[in-house]
Amino acid sequence: MAISRERLVGVGATSPSVVMLLLWMVVPLGMTIWFSLHRYLLLQPGSYTLVGLENYAYFLQDPAFLNALWNTLVLVGSVLIITVVFGVAIALLLNQPFWGQGIARILAISPFFIMPTASGLIWKNLLMDPNSGFISWAMKSLSLEPIVWFSNWPLLSIILIVAWRWLPFATLILLTALQSLDEEQREAAQMDGARPIPYFLYIILPHLARAITVVVLIEMIFLLVVFAEIFVTTSGGPGSESTNLAFMIYKQALLQFDVGGASAGGVIAVVLANIIAIFLVRLIGKNLDEE
Amino acid sequence: MGSITLNGVSKAFGETNVIRDVNLTIEERDFVVFVGPSGSGKSTLLRLVAGLEDVTSGRIEIDGRDVTATPPARRNLAMVFQSYALYPHMSVRNNMAFGLKMAKEDKAVIEQKVNEAARILELTDYLDRRPAALSGGQRQRVAIGRAIVRDPTAFLFDEPLSNLDAALRVQMRLEIARLHQALGATTVYVTHDQIEAMTLANRIVVLRDGVAEQVGSPLALYHHPVNRFVAGFIGSPTMNFLPATLGAADDNGVSAWVGDTEVPVAVDASGHEEGEAVTLGIRPEHLLTSGDSGLPTLSGEVQVFERLGGITYIYLRLSDGEVLTVEAPGDIAVKVGDRRSVGIDGINCHLFAPDGQTLPALRRHPLATE
Ligand SMILES: Nc1ncnc2c1ncn2[C@@H]1O[C@H](COP(=O)(O)OP(=O)(O)OP(=O)(O)O)[C@@H](O)[C@H]1O
Ligand SMILES: [Mg+2]
Chain A
1 MAISRERLVG VGATSPSVVM LLLWMVVPLG MTIWFSLHRY LLLQPGSYTL
51 VGLENYAYFL QDPAFLNALW NTLVLVGSVL IITVVFGVAI ALLLNQPFWG
101 QGIARILAIS PFFIMPTASG LIWKNLLMDP NSGFISWAMK SLSLEPIVWF
151 SNWPLLSIIL IVAWRWLPFA TLILLTALQS LDEEQREAAQ MDGARPIPYF
201 LYIILPHLAR AITVVVLIEM IFLLVVFAEI FVTTSGGPGS ESTNLAFMIY
251 KQALLQFDVG GASAGGVIAV VLANIIAIFL VRLIGKNLDE E
Chain B
1 MGSITLNGVS KAFGETNVIR DVNLTIEERD FVVFVGPSGS GKSTLLRLVA
51 GLEDVTSGRI EIDGRDVTAT PPARRNLAMV FQSYALYPHM SVRNNMAFGL
101 KMAKEDKAVI EQKVNEAARI LELTDYLDRR PAALSGGQRQ RVAIGRAIVR
151 DPTAFLFDEP LSNLDAALRV QMRLEIARLH QALGATTVYV THDQIEAMTL
201 ANRIVVLRDG VAEQVGSPLA LYHHPVNRFV AGFIGSPTMN FLPATLGAAD
251 DNGVSAWVGD TEVPVAVDAS GHEEGEAVTL GIRPEHLLTS GDSGLPTLSG
301 EVQVFERLGG ITYIYLRLSD GEVLTVEAPG DIAVKVGDRR SVGIDGINCH
351 LFAPDGQTLP ALRRHPLATE
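Just so you know, the sequences run in chain order A and B.
Here our numbering is used: the first residue of the first sequence is 1, the next is one more, and so on.
Here our numbering is used: the first residue of the second sequence is 1, the next is one more, and so on.
With the rest of the complex left out, here is chain B (with noise of 0.2 Å):
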């Protein structure tokens, strides 16, 4: 129960394709994550699923059955809302108690339903409140117990948690987390949040223009992202990207040149010349402060500093031009104007020929499953 099918979805507002051709099987029990830049379509794709937009062309199964043309409440998917959309004149408890009563359910099932969900997001004491007697955090658990009564086949969030304080924030992100390892419900999830997304998803889906450019693990992308966009968007802060030369290739690999540093890169660069223009990608996390490594180097002057206390970023001006944005330790020495060379190693390199497309990688790494 919960598997969600999506077959050559398309959706076009008059002229304008919001989603192309989107292809995604959602296995029953998954985490999907949609992300993207705002506009990219993540709302859209969701709202098709839940039945609120019509396809344009395409066709949409759950648990095998065409709901292409099935109204929302048919589809028996509950959605949580980024505004929450509550009922404002209804207590918690019958906010939460409305779909059910309007499915015409038994009065004692509904109210032991309620009473259950109520238990689960400790509303109990708030069962009586309207919503507006409540904070931020308890109007969401209340969206949530709204979808949770229902006992759907797969929950929708969109953007839950983006109305919140950092710090509730992190606590209903740990929350959900809880609630979708307790019920088990497939769910799908859209944000703009790179940790929501890479510590709540089991498959991120990553979109950009309605199309669905990389689907996989959140290892997977961060380790093997197959193309430029897909690689800046997934890591925070975003991956450094250095415009290199092709060089020899290899069995294990091939050399790209930055500069005058030259950098052997494990992926597969056939179909490429040797002098060929790529780009180089490297995250900050991955390049190295501490002295002699043995490993090449690049190096540049200091521009800004920022400490957040356990790290450091540094950003450093290349004698090209490039900015790099280095994650150091927290404690590093550090001045602006100081010059410094940061090592960088072949191994989470990633190059991207001049279309963006990533030069497929040699090994996998170990953590990154499909």
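With the rest of the complex left out, here is chain A (with noise of 0.2 Å):
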């Protein structure tokens, strides 16, 4: 009796939030599943018809799909190279004793509090504009010729800023898994003869392993669904060399009015997020059951 009592108030007491966690995914995904299954478009409001899989077989068809989920590869897999490759560089450098090493630390972390609209802004306006942008102007007074960025570099654009958002997460992540390594463990390293490159790639890198995980992890969620910084920047443009998943979802509620194609659209993207994230914890998820 004793054990079912317990268990009574612990279900008692963790409900409230377990039902507030079901109540906030399952309701929302519910409604897309229901929308993705109608003919729902804004423009018509009375039509409003069960069309069963007809939605999904249209976005799947979509030649935009195929390119949009494309871009999402791209972005994802060029900013998570970025951040976790240059985030080990920056990390090493802000290990090393310096003067200002506090400051410094602190500076490059800060990006990451920036919000990506405000960041997105700022590029396109202060940094990358073709006229007035600080970039044209630094390549004007080295004589080049200015790039066009948002017109002709435009998913590489967004690329760049997104990871200069998250670069300083990796930094941050990196930089802590890196003081945790043991001193004893370097001199012992030392005696041993491991010169630089070799110390970094067999003791720093396997050191390491963890929390790029952590980072490939964390980061992959969020550039999944990278929307802000296309918003305000390219809109998806030209054409729709910059769009991704989630923009397209985005043009296909709100600048098409079709609910149904885009509920369709986010479901797909659910799944897909899915496979890739299982993908990924296989394939690197096995550093975190080591040791």
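Since the hints were derived computationally from the structure, they do not count as laboratory data.
Treat each hint with caution, since some may be false.
[What the hints assert, rightly or not] Quick partial rundown of chain A residues pointing at chain B, CB under 7 Å, derived from the structure: (1) Asp-129; (2) Glu-184; (3) Gln-185; (4) Gln-190; (5) Gly-193; (6) Ala-194; (7) Pro-238; (8) Glu-241; (9) Ala-277; (10) Leu-280.
A virtual CB, placed ideally from N, CA and C, is assigned to each residue, including glycine.
Hints in hand, dock the two standalone chains.
In structure tokens, the structure reads:
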């Protein structure tokens, strides 16, 4: 009896949060799935008919879908590579003792606290603007032809902006991991005659594997749904060159007023995200099991 | 191969002098142990030899070659760290092979050396495990294995056994002694542990505040400590120190008065006056509890006693309030509050001048080689 009483208390205590969480998740997901099975155009409020999987077929067959999927993968992949590679490099630098180290660390971390919309606008207007932007000015002073970022290199521009925002996050986590490297291990490697490069490859990198895994997994969750940076800069263009899945769904719903199609896209995006997540967790999650 | 010479070596961290003018010659095949209280600079001195710290002044030679400015890897020394410092993501095999790989040694040679070391250390069955899957003693052996495979000029150990439990410590201590006999490599070993120091070393260096107070064989330090600090540091339980007054001196030494007891001590008291205040030192194991030995006696009240089985430690409070630790047989009849007398043989006594220096003994103990 005692056990079941205890259980009852436990269930009673946790149930509000569990119910909240379920509602939070299930209701939007359920509504999305529900909408995705209907023909629901905002421009024709009257017509609201069950069409089964037609929306899915339509969305999947849309050539824009494959394009958006590809853009999403390129965006996620590039940002992950940039943030991990440069994150490791910057963390290594910041881990060296030098004057003003504390300030440098705070400065390096700060971009992460800037809203995506704000950082998108700063990049667009202050840095990447072909006429008045800083980069153009710098290139012109070197008598180079300024780059018209958002027209000619839209996806690259987005990648740079997003990577700039996520680099500090990666750096912070990797720096923390670096600081936990045992001092005696470093000295043992020194006695063993490990030069900087083998030391990095055989001691530091394996030590960082776990932190890198964490960075990749967490970043991926957010990178799959990048929206604000695209919205305030390229609006997915030119054409759909910088449209990722999140932005495509938005276009479907609010630019083409097709709620049913957008919902189907949303469900597809959730499924894809899960597939990629499972794949990645399997691939690098092994690091988490080790030790 | 394997001599190390320290010439006036000093080390300061900022303003603090941690090692002061240490001169030391470590001969080939020596097993030298650094002992001293915590913070006395043992680790720092070892790290100076290893090259992990740079000397502030002085010179370090290995096999006659000046290595003062040589980086650690090129001194051809191997170090075993207190925390083992194994590489956690590498197998035991790769841990041991790492140094050889870095030295671009031939694959077959590495394989053979690692297997040989694993055989000596009985690690053959564990070669493919990660350190995390090993017991403390096995990790310790891997750390030693990592040192052995490199065939170094000398081994450096920094408190290698302090993380092990008592039983394992004894076992590993024997293991290290056996290894030293088998390999015959010069070894420098840092420890807190009296027994490790006494049993492993052929020479002990006692450090205090960065100064090498005395260098000598374990029994030389035990029987002929040069000052009160070394006398108190070597031996366990620690030596008893009693205030005494110098009496008359003759060819056989000098008599020391502890209260009303006159103890003849065979030391050279020249340069000291009769009536001078000195300190008499006698080890607990040298006080005699068996009745009428005809020796001078000290008496007091039993304050506490500890029975360890084979022996009993009795803490006697003397009339002047000093507490004397006495080693007695395990089956001695004793009660708290008893009055007891213990015999004190001048042959085992040391006298220390007020500045702590030992008055030189007239005869050296036969076992106390330099
Ligand atoms: N990197 C350093 N910077 C400043 N002071 C240091 C440094 N390393 C050691 N010291 C100081 O030098 C002194 C000797 O330290 P060391 O580690 O050699 O002592 P130790 O004899 O090994 O002590 P323990 O038995 O506790 O290991 C200590 O007072 C310590 O605070
Ligand atoms: Mg130490």
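Outcome of the hint check:
1. For Asp-129(A), the interface hint is violated, the least distance from its beta-carbon to any beta-carbon of chain B being 47 Å, above 7 Å.
2. The interface hint given for Glu-184(A) is met, as the beta carbon of that residue sits about 4 Å from the closest beta carbon of chain B, less than 7 Å.
3. Using the Cβ-Cβ criterion of 7 Å, the hint placing Gln-185(A) at the interface with chain B is satisfied: the shortest such distance is roughly 5 Å.
4. At about 5 Å, the closest approach between the beta carbon of Gln-190(A) and any beta carbon in chain B falls short of 7 Å, and the interface hint on this residue holds.
5. A least Cβ separation of about 3 Å between Gly-193(A) and chain B falls short of the 7 Å threshold, and the interface hint therefore holds.
6. Taking 7 Å as the C-beta cut-off, the interface hint given for Ala-194(A) holds, the closest approach to chain B being about 5 Å.
7. With its C-beta approaching chain B no nearer than about 47 Å, Pro-238(A) sits outside the 7 Å limit, and its interface hint is violated.
8. For Glu-241(A), the suggested interface contact is broken, since its CB lies about 42 Å from the closest CB of chain B, more than 7 Å.
9. For Ala-277(A), the suggested interface contact is broken, since its CB lies about 25 Å from the closest CB of chain B, more than 7 Å.
10. Of the supplied interface hints, the one on Leu-280(A) is violated, with its beta-carbon coming no nearer than about 21 Å to a beta-carbon of chain B, more than 7 Å.
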